[in-house]
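Take the given structure of chain V and dock chain X with the ligand to it, following the hints.
Chain by chain, the residues run as shown.
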Amino acid sequence: MPATPSRLQVLSLYKQFIRNSNQFNNFNFREYFLRISREKFKENAPIQDKEKVAKLYEAAQRDLGVLKRQKLISQMYTFDKLVVESAKDQGDSRS
Amino acid sequence: MLRRTVASGSSMMRMAKLPLSSRTALASATTLPRRHYSPAAAVKLTNDISLETHTDTQMASRDQAAARAEASAGSSAKAAAIIDEIDTSGRTALNAAYQENTGFGTRPIYMDMQATTPTDPRVLDTMLKFFTGLYGNPHSNTHSYGWETNKEVETARDHIAKLIGADSKEIVFTSGATESNNMVVKGVARFYKKTKKHIITTRTEHKCVLEAARAMINEGFEVTFLPVDEAGLVDLKELEAAIRPDTCLVSVMAVNNEIGVIQPLKEIGQICKKHKVYFHTDAAQAYGKIKLDVNEMNIDLLSISSHKIYGPKGIGALYVRRRPRVRLEPLFSGGGQERGLRSGTLAPPLVAGFGEAARLMHQEFESDQAHIKRLSDKLVKGLLANDHTNLNGSASHRYPGCINVSFAYVEGESLLMALRDIALSSGSACTSASLEPSYVLHALGRDDALAHSSIRFGIGRFTTEREVDYVIKAISERVEFLRSISPLWEMVQEGIDLDSIEWSGH
Ligand SMILES: Cc1ncc(COP(=O)(O)O)c(C=O)c1O
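As you go down the protein sequences, you meet chains V and X in turn.
The opening position of the first sequence corresponds to residue 124 in our numbering, with each subsequent residue numbered one higher.
The opening position of the second sequence corresponds to residue 4 in our numbering, with each subsequent residue numbered one higher.
Everything labelled a hint here was simulated from the structure, so no lab data went into it.
Note that beta-carbon positions come from the ideal geometry of N, C-alpha and C, so glycine has one too.
Any given hint might turn out to be false.
What the hints assert, rightly or not - In silico contact screen, one side only, chain V against chain X (beta carbon under 10 angstroms); selected entries: (1) ASN149; (2) GLU154; (3) ARG158; (4) PHE164; (5) GLU174; (6) LYS175; (7) ALA177; (8) VAL189; (9) LYS194; (10) ILE196; (11) VAL206.
Claimed, not checked - Mimicking PhoX-like on lysine-lysine, the simulated pairs with C-alpha atoms at most 25 angstroms apart in a straight line are: (12) X:LYS376 - V:LYS163; (13) V:LYS163 - X:LYS279; (14) X:LYS294 - X:LYS196; (15) V:LYS178 - X:LYS277; (16) X:LYS277 - V:LYS204; (17) X:LYS294 - X:LYS277; (18) X:LYS172 - X:LYS316; (19) X:LYS279 - X:LYS172; (20) V:LYS191 - X:LYS132.
To be verified - The following residues of chain X were derived to be distant from chain V, with all beta-carbon distances above 10 angstroms: (21) GLU55; (22) THR56; (23) THR60; (24) PRO124; (25) PHE134; (26) ASP170; (27) ASN185; (28) GLU243; (29) LYS316.
Chain V with its partners taken away, still in its complex shape (with noise of 0.2 angstroms):
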């Protein structure tokens, strides 16, 4: 069984899958990332068996190995800006 992580690991979880949500190039996936990350990280947050938190906290990081890929594709294949994004709301550029 996976060891139960602390409250900090998983806060710090959490950052890092707003961070590099944030981090996409593309506007819909960030949007997106942005949106199910909270979605699910508060959708769990009262779950108190541990053994569940810690199968969950296992998946997450492996998501979140899949996020920090694929927000590095995004600042590699880029295209023209919507028309609904301002220069500024560009999230976090570069990591």
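Frame of chain V, contents of chain X with the ligand only:
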């Protein structure tokens, strides 16, 4: 790796400039001086090359505008003059919108989710390893290259089957829903042709079902194209009455691609079971978006398309029931892959991407559902707040991600031309290139004028509230503007019957 190559490469270049004598002296020590290149310097070198590759999309939109203008000018002089006038004024409206948006980008908002969807980055992540090393042929079973790819293919098949309550052995990979639909309509009919000569489908099906059915007429079959009511739904009594002893197949789509109407699949399934005819549903627009269960709904065959669920294009699947077994004649002859129903080597990157897309449709079902419903409600409310607008198709039996609205006295094509900042379609992707009114809206009893003035809005997982707000504002402004200069609106005011106009461009 890259750093070392660059560093040693530049050291070679410097050596070349040195006199020969000192070069030989240095050469004996080449392994040592390399250490002098600090990592920082090496990093600086590689960083000079940008990893970014930008795709300019402005050019494409300019080319398209030019091509459209040319095409419309070709139809008839009068139409050209009208279109030209509307187009010019539309552009004025567009310019106004752009000016307001200084500091913003230029790429249009994507609202054509029924034509295709963006590939989910998580899907791409699954696919990449097939291009970097996992290249074995999944049908090779003599070595591990084949096995490792085959394992991934079977995992994908499991994900795809799970979403409709099927067994993974009942999933056959194809190139897309068009192929799946052709396989069913032609394959089932041909297999049972000795005793059965009749096929039932509806008038609002996708072109690929209608054309496949029409092709079977040439092979001596009879086809009943059932009408739909004004909400777009088939009449179950009419369907039951149409079934004959020699009917082999009933094909009714799950979610309509133009109006989003959901057909009563469970009831149709029961009728088909009772009369022992096979029930096929084209679920290209429904799979993963509404709850489907092949057993509960008595579905014998079901078509799926990957690119409608954020997966890659060029792949789809056909569910073929195993118990009781549904027989069909394959379209392709060959190595007998996919239970002999679809010969040819599979495309593992596409299969795996499709599988991941299906897994995500399952995982994100509630989240997607809530998001799409919320944005859809907002969009419908915002659009219908304009005068003389109406929602096409049933208001209750519908998938919220597909919204079809008619704007009376505005020509759909000119509205689309005035809306270059939003990627939309005036109906099915295949007919949007011509000025022909949608046959689906016709089947609903809409007249030419209203069918002409309809636009389809697609909302998906990646649509944002900001885009919906922009679309509501842009559409409302430009509908009002186009109406103010519309020759149709003028004609109505002069008392001319719009139904008497012959539409060209068929
Ligand atoms: C209802 C329906 N059937 C079939 C298709 C064709 O799917 P594919 O592009 O996978 O061949 C589409 C998409 O255009 C569709 O909407």
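Next item in the hint list is V:ILE196. Is there a CB on chain X closer than 10 angstroms to its CB? holds (7 angstroms)
Mind checking the CB of V:ASN149 against every CB in chain X and telling me if the closest is under 10 angstroms? holds (8 angstroms)
Over 10 angstroms to the closest beta carbon of chain V is the bar; see if X:THR56 clears it. The claim is violated: X:THR56 sits with its nearest Cβ about 6 angstroms from chain V, within 10 angstroms.
For the pair we were handed, X:LYS294 and X:LYS196, check the Cα-Cα distance against 25 angstroms. violated (33 angstroms)
Just to be careful, I want the Cα atoms of X:LYS279 and X:LYS172 compared with a cutoff of 25 angstroms; is the pair within it? holds (23 angstroms)
Have a go at the V:PHE164 hint: is there a Cβ in chain X nearer than 10 angstroms to its own Cβ? At 13 angstroms from the nearest chain X Cβ, V:PHE164 fails the 10 angstroms test, so the hint is violated.
Is the straight-line distance between the alpha-carbon of V:LYS163 and that of X:LYS279 25 angstroms or less? violated (46 angstroms)
At a threshold of 10 angstroms, is the proposed contact between V:LYS175 and chain X supported by beta-carbon distances? Given a least distance of 16 angstroms, the restraint on V:LYS175 is violated.
Assess, step by step, whether the Cα of X:LYS376 is no farther than 25 angstroms from the Cα of V:LYS163, and give holds or violated. holds (19 angstroms)
Has the given pair, X:LYS172 with X:LYS316, been kept, meaning a C-alpha gap of at most 25 angstroms? holds (23 angstroms)
Are all beta-carbon distances from X:LYS316 to chain V longer than 10 angstroms? Since the minimum Cβ distance to chain V is about 17 angstroms, X:LYS316 lies beyond 10 angstroms and the statement holds.
Hint status (Cβ of V:LYS194 to nearest Cβ of chain X, threshold 10 angstroms): Holds. Min distance 8 angstroms.
Going through the hint list in order, the structure does not satisfy hints 4, 5, 6, 7, 13, 14, 15, 16, 21, 22, 23, 24.
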